[in-house]
Amino acid sequence: MTPSQARRPTAWVGVLTFLVLAATWYALTTLTHTISPGRFPAPGETWDALRQIAITGYADARLHEHILHSVKLVLLGFAAATLVGVPLGLAMGASRAFEAFINPSFLLIRPIPPLAWIPLAIVWLGLGDAAKVLIIWFAAFVPAVINSYSGVRAIEPHLLEAARTLGVPRTMFVREVLIPGALPMIFTGLRLSLQACWTTLVAGELIGAIAGLGHVLYQASLDIFPAMIVVGMAAVAVTGAAMTALLGAVERRAMPWRAR
Amino acid sequence: MSAAAVSNGLPFRRWLTLSVAGFVAFFAIWWLIAASGLVQRQFLPTPPEVIEKFVALTQSPFVGYTLQQHLASSVGRFASGFGLAVLIGVPLGLLMGWFRWLDAIVTPLFDALRFVAPIAWVPFAALWFGTGIGGPMLIIFSGAFPPCVINAYRGAKFVEPRFIEAAQTLGASHFRMITEVLLPASIPSIVAGLRISAGLGWQSLVGAELIVASSGIGYLLVKGQANISTSIVMSGMIAIGIVGFAIDALLRVLERRINARRGIAG
Numbered sequence: 000m001t002p003s004q005a006r007r008p009t010a011w012v013g014v015l016t017f018l019v020l021a022a023t024w025y026a027l028t029t030l031t032h033t034i035s036p037g038r039f040p041a042p043g044e045t046w047d048a049l050r051q052i053a054i055t056g057y058a059d060a061r062l063h064e065h066i067l068h069s070v071k072l073v074l075l076g077f078a079a080a081t082l083v084g085v086p087l088g089l090a091m092g093a094s095r096a097f098e099a100f101i102n103p104s105f106l107l108i109r110p111i112p113p114l115a116w117i118p119l120a121i122v123w124l125g126l127g128d129a130a131k132v133l134i135i136w137f138a139a140f141v142p143a144v145i146n147s148y149s150g151v152r153a154i155e156p157h158l159l160e161a162a163r164t165l166g167v168p169r170t171m172f173v174r175e176v177l178i179p180g181a182l183p184m185i186f187t188g189l190r191l192s193l194q195a196c197w198t199t200l201v202a203g204e205l206i207g208a209i210a211g212l213g214h215v216l217y218q219a220s221l222d223i224f225p226a227m228i229v230v231g232m233a234a235v236a237v238t239g240a241a242m243t244a245l246l247g248a249v250e251r252r253a254m255p256w257r258a259r
Numbered sequence: 000m001s002a003a004a005v006s007n008g009l010p011f012r013r014w015l016t017l018s019v020a021g022f023v024a025f026f027a028i029w030w031l032i033a034a035s036g037l038v039q040r041q042f043l044p045t046p047p048e049v050i051e052k053f054v055a056l057t058q059s060p061f062v063g064y065t066l067q068q069h070l071a072s073s074v075g076r077f078a079s080g081f082g083l084a085v086l087i088g089v090p091l092g093l094l095m096g097w098f099r100w101l102d103a104i105v106t107p108l109f110d111a112l113r114f115v116a117p118i119a120w121v122p123f124a125a126l127w128f129g130t131g132i133g134g135p136m137l138i139i140f141s142g143a144f145p146p147c148v149i150n151a152y153r154g155a156k157f158v159e160p161r162f163i164e165a166a167q168t169l170g171a172s173h174f175r176m177i178t179e180v181l182l183p184a185s186i187p188s189i190v191a192g193l194r195i196s197a198g199l200g201w202q203s204l205v206g207a208e209l210i211v212a213s214s215g216i217g218y219l220l221v222k223g224q225a226n227i228s229t230s231i232v233m234s235g236m237i238a239i240g241i242v243g244f245a246i247d248a249l250l251r252v253l254e255r256r257i258n259a260r261r262g263i264a265g
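Those protein sequences? They're chains A and B, same order as listed.
Using numbering that gives the first Met the number 0, you'd call the opening residue of the first sequence number 0 and step up by one each time.
Using numbering that gives the first Met the number 0, you'd call the opening residue of the second sequence number 0 and step up by one each time.
Read the hints as simulated data drawn from the structure, not as lab findings.
Note that the structure is a prediction, hence the values are computed from the model and not measured.
All C-beta atoms, glycine included, are put in the ideal place defined by N, C-alpha and C.
There's no promise every hint is true.
[As the list claims (entries may be wrong)] Interface residues of chain A toward chain B, partial, derived using beta-carbon atoms under 10 angstroms:
1) W11
2) V14
3) T23
4) Y25
5) F39
6) W256
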């Protein structure tokens with residue numbers, strides 16, 4: 000049971016918590032000025048910052064343009080990593096010889112966190128979009144491979160044996176046994192890697208970018224504009240949550256036999 | 000199930016040959032591309048050049064410190080941020096597992112904050128705590144905190160009800176219930192959480208230092224990038240990989256020890 004599952008019976012306590020928190024926020028900033036505006040913004044300032052970025056724009060673009068820019072890069076890198084990583088993982092799962100050959104390269108690359116690829120990507124490709132896509136590719140690639148691989152290994156052996164005994168042709172074996180069998184694990188991997196991609200992109204954009212939500216955060220911290228920082232963080236959170244929810248919907252679509 | 004380091008069902012000789020071949024192929028391809036002149040040497044140095052640079056960095060300082068000194072300051076920040084996350088997160092998770100009202104209050108906040116990527120805290124971390132130790136610490140904390148809470152909470156929720164009932168019948172106080180029933184029963188779950196948390200914390204540290212720091216391994220990477228020195232950047236990445244691997248190995252040993260002891264104790 001995760002914390003979110005335990006929430007339902009006491010939803011009103013949660014609502015109350017947010018109300019109390021909002022009231023405290025208002026009291027500490029606007030009413031009593033206990034927290035200086037240079038440290039954390041008042042609710043009114045945050046609202047104004049949101050209006051500013053949504054209507055007139057901030058850091059060279061409007062809010063939805065920044066969001067679309069970031070989302071586009073994440074999806075590009077994520078799709079490229081999935082297209083390479085999943086087949087590679089499936090092949091490693093299906094053939095032990097292939098696994099033995101590829102595994103050493105994997106063991107060398109795996110301990111390096113995706114964020115550590117950022118400087119290298121910038122040296123190679125500059126501050127533009129190509130570097131971001133490369134970094135996201137690295138963030139999504141490793142989980143995609145590992146989970147596809149474990150997905151194949153988790154297929155019940157008697158299914159594989161039955162297919163072999165019946166002399167199922169190779170393409171049919173891949174399409175009808177290997178992929179559906181590994182799909183649950185593959186999606187677990189995709190969900191993990193989508194979150195990693197999002198974090199990585201925000202970091203990449205904070206370090207150097209021309210547009211995107213990370214760039215908004217960077218510009219806001221240069222300008223010492225706390226209200227815009229809050230707006231940027233909220234946009235990062237909401238967009239990340241929305242993408243994860245979207246992938247969940249795709250997952251249910253792709254595996255109707257698992258629908259609850 | 001991670002890619003297994005054992006001979007995975009193949010005959011050992013064949014497995015060894017293939018593994019060595021794979022290992023050699025990795026470096027051979029790298030070396031060939033670097034030496035072929037397809038890419039400028041400045042952007043892709045050969046493996047020996049990177050090793051040479053790595054050794055040089057341990058001897059002569061780069062941007063103020065040697066590689067070991069950068070690593071030491073990174074590990075110090077990591078240890079303090081991770082330590083703080085464990086000290087606050089584990090008790091909070093246990094308390095949430097015991098007191099329903101606390102669970103009802105904290106969980107929605109926690110769920111809302113969880114979606115804020117740790118890296119998105121960077122601007123506030125710099126604004127509130129500066130770029131010395133405080134700023135990076137906040138970011139490591141925000142990366143390492145959630146798994147500590149979640150795993151302690153889960154551990155506390157899955158304690159066998161009869162243990163709780165027995166303790167209640169015997170009149171255990173809230174304090175003793177948490178420290179003597181919930182905590183010991185949740186240890187395996189907590190330790191598993193620590194491994195996830197350390198991984199995320201180390202990764203957040205690298206991100207934090209890339210953006211806000213004036214020393215540390217991430218700072219070395221950024222400065223290497225600014226000097227367009229691929230060999231410095233790669234040396235830094237290798238060091239990050241080694242330390243990350245070592246932290247995980249250490250916690251894995253701890254995990255195995257604890258599980259083994261519990262297995263014997265029953």
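Each hint tested on the structure:
For the restraint placing W11(A) at the interface with chain B, the shortest Cβ-Cβ distance is roughly 9 angstroms, inside the 10 angstroms limit, so the hint holds. Nearest Cβ of chain B to the Cβ of V14(A): about 8 angstroms, under the 10 angstroms cut. The hint holds. Restraint check, T23(A) versus chain B: the minimum CB separation of about 12 angstroms is more than 10 angstroms; hint violated. Taking 10 angstroms as the C-beta contact cut-off toward chain B, the hint placing Y25(A) at the interface is violated, the least distance being around 17 angstroms.
A hinted interface residue such as F39(A) counts as satisfied when its beta carbon comes closer than 10 angstroms to some beta carbon of chain B; here the least separation is about 8 angstroms, so the hint holds. Using the Cβ-Cβ criterion of 10 angstroms, the hint placing W256(A) at the interface with chain B is not satisfied: the shortest such distance is roughly 23 angstroms.
Hints 3, 4 and 6, counting from the list given before, are not met by this structure.
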